[in-house]
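J.: We have chain A already, so just place chain B on it with the hints.
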Amino acid sequence: SQTIHQWPATLVQPVGSPLSLECTVEGTSNPNLYWYRQAAGRGLQLLFYSVGIGQISSEVPQNLSASRPQDRQFILSSKKLLLSDSGFYLCAWSLTGRSNQPQHFGDGTRLSIL
Amino acid sequence: AQSVTQLGSHVSVSEGALVLLRCNYSSSVPPYLFWYVQYPNQGLQLLLKYTSAATLVKGINGFEAEFKKSETSFHLTKPSAHMSDAAEYFCAVSRTGNQFYFGTGTSLTVIP
Chain A
1 SQTIHQWPAT LVQPVGSPLS LECTVEGTSN PNLYWYRQAA GRGLQLLFYS VGIGQISSEV
61 PQNLSASRPQ DRQFILSSKK LLLSDSGFYL CAWSLTGRSN QPQHFGDGTR LSIL
Chain B
1001 AQSVTQLGSH VSVSEGALVL LRCNYSSSVP PYLFWYVQYP NQGLQLLLKY TSAATLVKGI
1061 NGFEAEFKKS ETSFHLTKPS AHMSDAAEYF CAVSRTGNQF YFGTGTSLTV IP
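These protein sequences, in sequence, are chains A and B. According to our numbering, the residues represented by the first sequence are 1 to 114, in order. According to our numbering, the residues represented by the second sequence are 1001 to 1112, in order.
It should be emphasised that the hints constitute simulated quantities derived from the structure, not laboratory data. Being a predicted model, the structure only gives us computed values, none of them experimental. We put the CB at the ideal spot given by N, CA and C, even for glycine. Warning: the hint list may mix true and false statements.
[Claimed, not checked] So the derived list for chain A, only partly shown, Cβ under 10 Å to chain B, looks like this: (1) Trp7; (2) Ala9; (3) Thr28; (4) Asn30; (5) Tyr34; (6) Gly43; (7) Ser86; (8) Phe88; (9) Leu90; (10) Gln101; (11) His104; (12) Gly106.
Isolated chain A, as found in the complex:
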C-alpha cells in the first residue's frame, strides 16, 4: 500500500532563517505531488505541484520554492522566512493522469515563525 511521510511535524524558526520541509511517498511510482498551505482557520492554498522529476508548477508568487530531486521526494524550501510564512503545510500525492483518483495527504508540518 502507498504511504506518505512528511517531516518535521512541528518547526519553530526565526524570521530570515532558511526552510526545508521534506515529503516522500512510498508504494507508487511517478505520482503527482503537491504542497499546500493552510493558514489558521482557513482553507487550503495550493503552493506547488509536480507531475515528474524536476517539473514544478507554482500557483502563487511567494517566498517559497519547491524541488523534486527524486521521483517520490518533494521538498519545500525558502532562503529567508517571513512572518507570513507561518502556517500548516501539507504534502499530498495522487496517481498521475487519473483525475478520478483522490489526493492523499501527509500529516502536515506546523511552521511557526518568530
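T.: Same frame as chain A, now just chain B:
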C-alpha cells in the same frame, strides 16, 4: 473553471442528530467530487468520492453523499452525529487530472 462552494463555515448539531454539510460545484461537465475530513493538527483524510458511478456514495465513519446533477450539489450527510465527528470538512472537485479545487471548509461542532 472549477469551483466549489461550501455553504456554512460553521455547523453545530446535537449528538445523535442528522449531519448535513453542503457543497455545490460549478462545472460545465460533471466533475469528480470528494469529501475530506481534517482533525486538529492532522492532514486531510478521504471520506468518500464520486467518480461517475452510483450517485449515492457511501464513505467511512457512516457518512454518505449524493451527487445531484440538476442541483450541482454533493452534500454530505450522516444520520446520527457522534462526538468524534467534530472536525473540519472539505469538499473538493477534480476534472483536469493534476489539480483539485477545495472548498473553504466547514467546521462541525457536535453538542453533547
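J.: If a hint holds in the structure, say so; if it does not, say that too.
T.: Verification of the supplied hints:
no.	hint	result
1	Trp7	violated, 13 Å
2	Ala9	holds, 8 Å
3	Thr28	violated, 15 Å
4	Asn30	violated, 13 Å
5	Tyr34	holds, 8 Å
6	Gly43	holds, 4 Å
7	Ser86	violated, 14 Å
8	Phe88	holds, 8 Å
9	Leu90	holds, 6 Å
10	Gln101	holds, 8 Å
11	His104	holds, 7 Å
12	Gly106	holds, 5 Å
Of the hints listed earlier, those the structure fails to meet are numbers 1, 3, 4 and 7, in rising order.
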